[in-house]
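**Student:** Listed here are the chains, written in short residue letters.
Protein chains: 2
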Amino acid sequence: MAKDQLSALDAHWRAANYLAAGQIYLLANPLLTEPLRPEHIKPRLLGHWGTSPGLNLVHTHLNRIVREHDRDVMCVWGPGHGGPAVLANSWLEGSYTETYPDVTRDAAGMARLFRQFSFPGGVPSHVAPETPGSIHEGGELGYSLAHAYGAAFDNPDLLVACVIGDGEAETGPLATSWHSGKFLDPVHDGAVLPILHLNGYKIANPTVLARLPQEELDSLLRGYGYDPLHVSGDDPRAVHHDLAKALDRAVDRITRVQREARTTGGRGRRPAWPVIVLRTPKGWTGPAEVDGLPVEGTWRSHQVPLPEVRENPAHLRQLEAWLRSYRPEELFDADGRPTPEVLACVPEGERRLGASPHTNGGRLTRGLPLRPLEDFAVAVDKPGTALHEPTRVLGGMLAKVLADTADRRDFRVVGPDETESNRLGALFTASGKAWQEAILPTDEHLAPDGRVMEVLSEHLCQGWLEGYLLTGRHGLFSCYEAFVHIVDSMVNQHIKWLKASRELAWRAPIPSLTYLLTSHVWRQDHNGFSHQDPGFVDHVLNKSPEVVRVYLPPDANTLLSVAEHALLSRDHVNVIVAGKQPCFDWLTLDAARAHCARGAGVWEWAGTDDGLRDPDVVLACAGDVPTQEVLAAAALLREHLPELAVRVVNVVDIARLMPREEHPHGMADFEYDALFTRDKPVVFAYHGYPWLIHRLAYRRAGHAHLHVRGYKEAGTTTTPFDMVVRNDLDRYRLVMDVVDRVPGLAVRATGLRQLMADARTRHHAWIREHGTDLPEVADWSWPS
Amino acid sequence: MAKDQLSALDAHWRAANYLAAGQIYLLANPLLTEPLRPEHIKPRLLGHWGTSPGLNLVHTHLNRIVREHDRDVMCVWGPGHGGPAVLANSWLEGSYTETYPDVTRDAAGMARLFRQFSFPGGVPSHVAPETPGSIHEGGELGYSLAHAYGAAFDNPDLLVACVIGDGEAETGPLATSWHSGKFLDPVHDGAVLPILHLNGYKIANPTVLARLPQEELDSLLRGYGYDPLHVSGDDPRAVHHDLAKALDRAVDRITRVQREARTTGGRGRRPAWPVIVLRTPKGWTGPAEVDGLPVEGTWRSHQVPLPEVRENPAHLRQLEAWLRSYRPEELFDADGRPTPEVLACVPEGERRLGASPHTNGGRLTRGLPLRPLEDFAVAVDKPGTALHEPTRVLGGMLAKVLADTADRRDFRVVGPDETESNRLGALFTASGKAWQEAILPTDEHLAPDGRVMEVLSEHLCQGWLEGYLLTGRHGLFSCYEAFVHIVDSMVNQHIKWLKASRELAWRAPIPSLTYLLTSHVWRQDHNGFSHQDPGFVDHVLNKSPEVVRVYLPPDANTLLSVAEHALLSRDHVNVIVAGKQPCFDWLTLDAARAHCARGAGVWEWAGTDDGLRDPDVVLACAGDVPTQEVLAAAALLREHLPELAVRVVNVVDIARLMPREEHPHGMADFEYDALFTRDKPVVFAYHGYPWLIHRLAYRRAGHAHLHVRGYKEAGTTTTPFDMVVRNDLDRYRLVMDVVDRVPGLAVRATGLRQLMADARTRHHAWIREHGTDLPEVADWSWPS
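Listed in order, the protein sequences are those of chains A and B.
Heads up, the first sequence is in the working numbering, so the first residue is 1 and it goes up one at a time.
Heads up, the second sequence is in the working numbering, so the first residue is 785 and it goes up one at a time.
Okay, chain A solo, but in the shape it has when bound (with noise of 0.2 angstroms):
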């Protein structure tokens, strides 16, 4: 290399170390024009120092491979609590100016860089959404890597850099992530290049990857399919040197492999990709020795290295003589602009890696192409007869979605090897399965360039799903009902990610990520108790309102319509919970997209009320199971007590139910209780555990005559309506519910109550010799 680049290098790298330790320190004197004094000091030091000279390292000769390869790139920064490093070269190629023009090139601009950095009111001290460049919050650890692989997908010319620290490396989800090459398409895919940074330490800790002897550490990294390339060192002119001829060869390869899949259009051997290994000390740069305690190159440098600098003189001193050892004059003019040396390297536009338009994906959506829901929708003359196994309905849907984005590949499905089992085996009629391994006469619906995506790790699932859609893509992730909480740490993140995204006009909505909850609490005939759960909702309904949306939709054509609103929303995280064994089809698709447009409404044809304005009792239901148990209670109401006014309500929108002022989708008092009465029974059968539906309702004036039923951890393996039975969902416990709290209905429908009992009792007996449902159950149907 050229000497003049290396020291061009090196520039860059100096200032973007000498601007996080800025961050971390000062409130004043940016450009240390005079002697550092306490009152230029912060009063609260916060921060990670230790990983930020790593990122400046890899940020800066990013930089270069940019403009000497002429590539697209992106980077996605692991250990993205070292803020100050990626903050720090977002303003030195002037993306953050760009993006946040108060923040100027120039001392002024620099001061305010400093200061807001981990102040009350200014930045946070991770990479979050705020950061120029970014798609990865900096907080929890695992996910870099999947990000970068999602952001790769069907971004053929794009290159995404991943630096992953060797903490989060001990992270089950990152050491699955490794595997996802076995995913990536070198015709149709971008390439990931992972660069593993080895910098030796955790919190505290060595880390278990750094302290491998390194032909183990190849073995490891061969055996994920990767070919490394190492980069060690402590002295900064080798490193440079050693970092950009290893990025120059792993470009060159990552080119040859893609040159060579595209022209041959060839499914040769899935290739080895590159990845670096980069081995520099934790805290580079900074104070190698602090009170007599060694801290560069050990964990004590992992976040504030000199921690009394207001109180210590000494401190002071060691804090200046550090400061300065970057020699800011040689790096910044007068004015506090970077030199046009620092400047060298450092690429333009969109090109520069703060400005990536796919680090904002909203700037890059295409709308999704949607065919009418009548193509798909099933037809039902009467309500309650004929069944549909309402996912495989929804498959028909997908599908074509997937077809009509075969060429633009924007949409993508994933989950965790259940898309033929949860019926959305149509999708196979439109695209294969992605697979890069070997394929046998024998296998199915495998296919090197297939967008649906089946692995058997739901984080793996999910954060190719969030890299795909961060930058800017559509998709689905098709998941089991009780694992989805393998995931509620990484939606979580997302959440949060989003909130904060839809405070920055300068992001654009990205599409939402939306989940179909299938195989669910109520039919795990197959697995019984460890596969019931259906807490995600409650999980979800945690978060941040503005952007959180669960739908339970009750049949095939409710499914259709809440699937299309989800699928074209932006911003949300969306989570549909519907079964896909045969179900009762109730709302025509008219009546369902009506029905999914008000959220929650009254079922007239199901009810005995007849347009009152209080009947003698409520029946509600949310979720497609504790619906037909409610329309079966409906008709033995109707049947035995045919004067009682019965209201059925069913709710699709679980959030309708919240009030106004917490949730968006919250009704109005007078709405709810036009639904529900101020103080009528109300009996309601809710999909998962009833005390989510008083946790929402809690302030609605007939709250005390709320009666919910649900899941409540009486599972084992068993017929689908014992579950209901076990739980006291079943329709005729609901009968017997209602009989207890209509006033006056005790005395004058004892009888029915003990009908209702026997025939619970009918049903032990029954499945305890049988073992299947009675008869009348697994026959029954709505009355016409």
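Derived by calculation from the structure, the hints in this document are not laboratory data.
Any given hint might turn out to be false.
[As the list claims (entries may be wrong)] Coverage of chain A stretches by chain B, computed from C-beta distances (three or more under 8 angstroms per stretch; other residues unrestricted): (1) 361-371; (2) 485-496; (3) 525-531; (4) 718-732.
Yeah, the Cβ is synthetic: ideal placement off N, Cα and C, and Gly gets one too.
On the provided structure of chain A, position chain B as indicated by the hints.
**Tutor:** Below, chain B alone, put in the same frame as chain A:
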């Protein structure tokens, strides 16, 4: 191997396969003494055949290993959805009949064994608590290897075999579990023998690991630190021969490694432990083809290979041929008892896998030696004047437990690299951090035999600890509050396990799983929004009330009392939320004990209601930061409205708020009313999401008067007091809430309300300028 041994192994395997298939299909005619007819077949065919022959093979061969090598062995069955296999083996060896005497080891018992499987009121289709010899539910996948290591820690004479399915191997937790060898001490710990069973397919797809070229898989396993031994084939004789040889080699190598380490006390380089890679067809020995499609050796054998046996005579014939192919008449005598040849390799007594005491760990549990809390408690002269870091105080107590179990080695503390950060550093006076890699001079507290376990994977921490507890030992998981959501799904499964175990008289209670959640939502000064999530409590409280306990001790002494209770408890999941930052001491040890025993109580010294039955207002709090704000609010009210009767109630045990019928700790209504009144305003400052309190208390008489403040996702990087202000949990807002809610006060206390609003305005101005909290807040203490 001798021919008759080989033949005995094969007979045992055939018998187990026969019994596994029989469980899936047969309702009667268990020995096929008459031709198979439709009425012999179960009406609902449920279960997983595909993995069963492989599990049977491994079990058969582990039997031999136990005998030949005279070894204590237990096994973790990763593909535990192959429940029929493990049940078959337990029945063959007699441990099943000893556990469930009605399922006798004869034809009648065989019929029972078949009928009960996946039958309502019978046994689950997965390996489950009901299964003798198991510590590992076969439902959710990914945790087998971590459980196996957890079982092996501190069990030097135990060999833990672990069958890992190739589906499960794709999960993140499993992918990182392979690194557990870096934390296993060959001197003090037992050995883990992973058996990676590559049958090639998951539900509907090939698996990643099974399709890797063998050299790549070997490279991966070597990179993980293992030395692979391969066994492949579909010829039973050859596979028996090769597997027996491979197991012999593996066990010999393990014995050698252990002997060497233990005789030399030797801490050489971490050994390469053996792993067996077993490739046999999925659904091996089952139907080769069904309806013209290949089944054996493909994913189609995953569940029930012949689905229409009752309706389709061809399927019925095929089933009969399949079952008869095992030659049951050679395997069972006329009474249905296994022949001597079948049992020739089966071990005796507690050496049988289904009878290992380690798999019913409570039988081995010894009481934890806890010293009197007086040794660790802080002295409290006056409440709210001195500060301690509660977790640091707890650290002193835990250090003694660690020290006092130095010889017994039955207590461990796990955490993701946060022991020191969570102020539990005192632990290192008693034991080091487990670490088998190189140790450098700059490292601190690393030790090959350490019983503090740190790895940056919450999954590993949880999995190891579960395995350790399930085998009867004690432990604690210290974790950042927000990131414990990473293990939401794992704790679900553990709670389900405990719930089912508690219903089995033969399962001895095991030590509870106790979480110390610290670095909580209110004190994320370094990290901000991504690290703020108090929802784990909500998640856990959805689960079985007999298992879950949640404690929010408000200071150091209450934390000690709660921790003591949790560590001595059995069969619970305890969640303790406690801060690590300096926090006021409120209660003396005696007062703390009394308060924690009640779980919730009035702090008379803090209120002004002077024993009134009903005060004007109740200020309630749960959690350390809310307690401080409530006390500060009480002090403000005392100063400005001395005539107002304010009662201060603190809640430590959050389930006390629940109705008595819904949680064993729930208060009776009269108790609740005595604390909170039936009709006075209650302003409740809660640590987490405010609606949780409503969910717990909605049935109480006074619920309409309950007003809860808590975290509502209004987070960022800011100061501690600004966090409570942003979420309306601050002292000033609480006083305003009181003014707004006590009848008649709005007019009387207009001035006070304005004073409070002004204080909030002052706060906003101050932090914007100084970046720190108002001095009046930072320097506040309880007025004496």
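**Student:** Determine for every hint whether it applies to the structure shown.
**Tutor:** Quick rundown of the hints versus the structure:
1. For the segment 361-371 of chain A, the stated coverage by chain B is not satisfied: 0 residues place a CB nearer than 8 angstroms to a CB of that chain, which falls below the threshold of 3.
2. With 7 residues bearing a CB less than 8 angstroms from a CB of chain B, the segment 485-496 of chain A meets the requirement of three and the coverage assertion stands.
3. For the segment 525-531 of chain A, the stated coverage by chain B holds: 7 residues have a C-beta nearer than 8 angstroms to a C-beta of that chain, and at least 3 were required.
4. Residue count for the segment 718-732 of chain A with a Cβ under 8 angstroms from a Cβ of chain B: 3. That meets the three needed, and the coverage hint holds.
Hint compliance for this structure: hint 1 alone is broken.
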